[in-house]
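Student: Residue numbers (the UniProt record's numbering), protein chains in the order written: chain A, 1 to 290; chain X, 1 to 267; chain C, 1 to 360.
Note that these hints are calculated values from the structure, not bench results. Note that this is a predicted model, so its numbers are computed, not measured. The beta-carbon is built from N, C-alpha and C at its ideal position, and this holds for glycine as well. Treat the hints loosely; a few may be bogus.
Below, a list of computed lysine-lysine pairs in the DSSO-like style, where the Cα atoms sit at most 27 angstroms apart [claimed, not checked]:
1. Lys210/C x Lys343/C
2. Lys206/A x Lys98/X
3. Lys98/X x Lys3/A
4. Lys18/C x Lys94/A
For the chain X half of the interface with chain A, some residues (derived, Cβ under 7 angstroms), not all of them [what the hints assert, rightly or not]:
5. Ser6
6. Val9
7. Leu17
8. Phe39
9. Pro84
10. Ser93
11. Phe94
12. Met95
13. Pro111
14. Pro118
15. Leu122
16. Val144
17. Leu204
18. Arg255
Reference excerpt, derived from the structure (chain C facing chain A, CB under 8 angstroms, subset only) [claimed, not checked]:
19. Phe89
20. Val91
21. Asn108
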Amino acid sequence: MEKTQNNRAWFLVLPVLVLVAFSAVIPLMTVVNYSVNDTFGNNEFFWAGLDWFDEAVHSDRIHGALLRQAMFSAIILAIEVPLGIFVALNMPKKGFWSSFCLVVMALPLLIPFNVVGTIWQIFGRGDIGLLGHTLAAIGIDYNYTSDPFDAWATVVVMDVWHWTSLVALLAYAGLQSIPQAYYQAARIDQASRWAVFRYIELPKMKGVLLIAVLLRFMDSFMIYTEPFVVTGGGPGNSTTFLSIDLVKMAVGQFDLGPAAAFSIMYFLVILLVSWVFYTVMTNLDRQEAK
Amino acid sequence: MRSRSSALVMTFYLLFLMVPIYWLVNMSLKTNAEITGTFSIFPRELTFRNYMVILTDPSWYMGYVNSIIYVVLNTVISIAVALPAAYAFSRYSFMGDKHLFFWLLTNRMSPPAVFALPFFQLYSSIGLFDTHIAVALAHCLFNVPLAVWILEGFMRGVPKEIDETAYIDGYSFPRFFIRIFMPLVASGIGVAAFFCFMFSWVELLLSRTLTSVNAKPIAATMTRTVSASGMDWGVLAAAGVLTIIPGALVIWFVRNYIAKGFALGRV
Amino acid sequence: MAQITLKNLAHSYLPNPKGEQDYALKEMDHVWQDGGAYALLGSSGCGKTTLLNIISGLLRPSHGRVLFGDRDVTDAATAERNIAQVFQFPVVYDTMTVRDNLAFPLRNRGQDAAYIKRRVDQIAKMIGMEAMLSRKAQGLTADAKQKISLGRGMVREDVNAILFDEPLTVIDPHMKWELRTQLKQLHREFGHTMIYVTHDQTEALTFADKVVVMYDGRVVQLGTPEELFETPAHTFVGYFIGSPGMNFLEARVSGTRAMLVSGAGVDLGDDHGTPSGRVQIGIRPEHAVLTEGQGLPVTIRRVEDVGRHRILRAELEGQPFNIVQPEGQPVPALPRVAFVPGKINVYADDWRVAPQGRAA
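Using the sequences and the hints, build the whole thing.
Tutor: As structure tokens, then:
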């Protein structure tokens with residue numbers, strides 16, 4: 001759509017600006033303040049320059065968390081995106097069963113994060129959980145509180161359970177926008193199932209899939225509550241992701257300086273990735289508008 | 001033939017989604033003795049005691065009330081400020097609009113963990129700590145950008161000629177906006193409200209950090225009770241089940257818009 | 001290529017159709033001759049597209065059989081039928097180039113590369129897209145996309161039939177005419193069976209050798225353009241074909257005479273027996289002549305000059321009545337209208353009654 005040049009539109013944006021500035025900019029300033037100061041309590045601060053940043057950049061602890069975080073995000077994207085597309089392709093297109101699937105699929109998305117954690121914490125326990133009990137019954141040695149691999153598997157499966165539906169619903173929305181004539185034409189042209197997917201469905205889903213990948217990447221990169229409830233970051237540090245580590249540092253140990261420096265770098269990484277996605281996405285929008 | 005394999009895939013997937021939830025419901029209807037003593041797929045001695053505990057104890061059920069208060073507050077605030085902004089973004093180009101839009105989006109992407117402590121200090125210093133409005137405002141951090149984004153997507157789909165016709169017909173901007181424009185993007189508002197509700201309802205880190213007693217959300221009540229009363233699994237499960245219900249109700253109301261909604265109006 | 005036979009074909013979208021009104025297509029028997037150029041004409045919602053989709057196999061008919069030659073293909077998938085179909089709105093594969101789009105049906109059938117290239121170039125030339133072959137299909141204009149759809153429909157040489165579902169809706173008027181001429185040319189050259197769905201009578205009459213008129217889920221007439229004009233088999237055909245359509249007057253018919261409601265008599269020229277039911281006589285506006293002496297008194301309401309002739313909007317027996325008058329003839333002061341004998345059709349309950357003793 002052609003947009004009119006009108007700087008008075010700023011007045012319409014003003015409420016949002018004030019509100020977000022209040023809830024984002026002021027806290028962020030506090031963080032910046034902490035990141036360059038040292039404190040021994042009592043609200044006394046000493047200028048620390050970039051020492052905290054230096055420390056954070058060279059901290060093995062943060063490196064470890066970052067590595068685990070990147071691995072976690074990569075794994076769940078690699079599972080959830082193809083699985084979500086696959087589920088969307090198999091969903092009924094209309095009628096009662098379509099609504100039924102939509103409602104059931106959306107359900108995990110509306111469960112508070114810690115309840116999701118609780119559900120899986122219970123579900124995986126060997127004594128009272130269906131999953132843990134069943135695995136034990138068929139002779140698989142599974143314990144997410146002591147075995148790092150089991151802990152990882154549990155956290156990953158939980159995330160897949162929690163969020164695959166988001167990808168599937170987005171992909172489904174993309175599929176719904178394809179006119180029936182495209183499928184009919186493909187049948188007339190004797191296209192294979194794969195060709196239909198490759199040349200009709202995938203191109204139409206491109207836009208929404210990008211949103212899906214963006215949301216899933218960001219949210220998995222910020223994940224805190226669910227793994228915290230299930231494993232508490234353990235065993236050891238094996239499921240301590242960036243946010244968990246950050247909260248441990250800031251609230252648990254009250255190491256405000258390093259935590260703040262860490263926060264800012266964390267934020268910058270996310271900013272960078274968002275910017276890349278955003279640019280790709282707006283370019284895509286423009287291409288389609290042509 | 002293809003539809004049968006599709007049905008099979010969907011059955012498996014939906015089972016995968018439902019079984020953990022079923023297990024929670026199952027547990028919530030058992031006595032603690034049965035939960036820890038015998039392993040059963042169905043409750044042998046059906047009991048509603050766990051639910052009674054929650055529904056008769058104010059420290060439990062007030063958690064729900066608190067959660068619902070701040071979620072509704074947040075949804076109303078988010079939509080109210082996002083509407084004019086989304087209109088501006090969808091209709092006008094103005095100085096710095098693209099940067100502003102992107103900056104808004106980055107807030108949706110900022111980790112709550114980064115903001116937890118500064119929020120705590122900010123709201124403590126202005127005396128809003130442990131109030132519903134504090135949590136509602138804090139959740140605006142990610143919900144306002146999201147609402148702007150969704151609404152902008154929907155508003156782009158409304159032809160500009162509608163605005164022009166209304167102005168020619170002598171409508172003032174506020175009247176046009178409320179009488180004509182808002183009904184046209186009603187489904188968009190519904191979807192945006194749904195998402196604000198959803199993200200505010202599921203979030204725990206900020207809401208727990210900003211509250212202690214008076215505005216404590218149900219989700220936080222649950223974590224406290226686990227450590228305090230030891231292993232009252234039945235009550236924990238019942239509390240979990242009760243947190244799922246508002247979400248399920250909301251989904252039911254918007255089920256016809258879910259698909260388009262999740263695409264944020266961009267299909 | 002093969003003759004396409006529809007045997008006792010009917011279709012309902014409902015699982016348990018009760019009465020006739022539940023059928024989108026009423027029972028029909030119909031043969032599409034091999035190599036014919038057919039137009040399927042009718043107003044929106046009369047079942048044209050349903051019929052087309054049944055022939056191409058996109059839809060399985062709820063009743064009856066579809067035969068290609070002697071082979072029963074009712075249960076055969078679209079791919080097995082080897083049919084090409086062009087849809088109302090352009091369907092192109094956005095991420096492919098124009099060339100790949102045109103080659104797509106051939107590649108799916110595993111044709112060899114040299115042949116594909118030759119054939120695609122040939123088709124591209126025909127639809128005038130040679131210059132754009134290496135462009136992405138995304139971002140082309142709607143009519144360019146529709147030309148690609150047409151090209152894709154015609155690219156296979158061995159198809160049993162090519163079906164067109166109002167393919168020129170999105171095309172510019174002058175381009176429409178050109179493309180239609182090309183389709184006709186193509187038909188002459190390769191002799192494919194073509195079925196062209198449209199609700200535009202000009203399109204139908206200029207494209208087809210045989211026009212099939214559908215009304216309310218039924219084929220009401222199959223005939224040459226001339227037959228549709230001179231002897232419409234159903235009042236709908238009379239009304240739908242021609243501009244303006246046929247005039248109908250309530251009457252009682254016995255032998256060669258018709259008696260109108262007012263009691264005035266009309267000479268039919270042929271013996272039509274004594275049909276029962278609701279009887280009407282139909283007269284083309286072109287076959288009504290204004291006179292001063294004989295005929296029935298008529299009131300002229302309005303005169304529309306459309307160039308080569310004039311259309312007189314008149315009133316006869318209290319009913320609207322249209323007359324086409326050749327250019328340069330005056331309108332008399334006390335006009336009367338006479339009908340050309342032998343050009344009057346008689347209808348009983350909307351269906352034409354053939355005159356006796358003469359093949360209709």
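Student: Let me know if the C-beta of phenylalanine 89/C comes in closer than 8 angstroms to any C-beta of chain A, holds or violated.
Tutor: holds, 6 angstroms
Student: Is the hint on serine 6/X kept, meaning its closest Cβ partner in chain A is under 7 angstroms away?
Tutor: Where the cut-off is 7 angstroms and the nearest Cβ of chain A is about 4 angstroms from serine 6/X, the hint holds.
Student: Against chain A, is serine 93/X within 7 angstroms by beta-carbon distance?
Tutor: The hint holds - serine 93/X has a Cβ within 7 angstroms of chain A, the shortest such distance being about 4 angstroms.
Student: Taking 27 angstroms as the top limit, are the C-alpha atoms of lysine 206/A and lysine 98/X close enough?
Tutor: OK: lysine 206/A and lysine 98/X at ~22 angstroms, within 27 angstroms.
Student: Under the criterion of a CB-CB separation shorter than 7 angstroms, is leucine 17/X in contact with chain A as hinted?
Tutor: holds, 6 angstroms
Student: Verify the interface restraint on leucine 122/X: the C-beta must sit less than 7 angstroms from at least one C-beta of chain A.
Tutor: holds, 6 angstroms
Student: Would the stated hint for asparagine 108/C survive a check requiring a Cβ distance to chain A of less than 8 angstroms?
Tutor: holds, 4 angstroms
Student: Does the nearest C-beta of chain A fall within a distance shorter than 7 angstroms of the C-beta of leucine 204/X?
Tutor: Holds: closest Cβ of chain A sits about 5 angstroms from leucine 204/X, inside 7 angstroms.
Student: Taking the least C-beta to C-beta distance, is proline 84/X closer than 7 angstroms to chain A?
Tutor: holds, 4 angstroms
Student: Check whether the Cα positions of lysine 18/C and lysine 94/A lie no farther apart than 27 angstroms.
Tutor: holds, 24 angstroms
Student: The hint names phenylalanine 94/X as touching chain A; please verify it with the least Cβ-Cβ distance against 7 angstroms.
Tutor: holds, 4 angstroms
Student: Tell me if the interface restraint on arginine 255/X is satisfied: Cβ within less than 7 angstroms of some Cβ in chain A.
Tutor: Status holds, d = 5 angstroms.
This entry satisfies every hint, going by the numbered hints stated previously.
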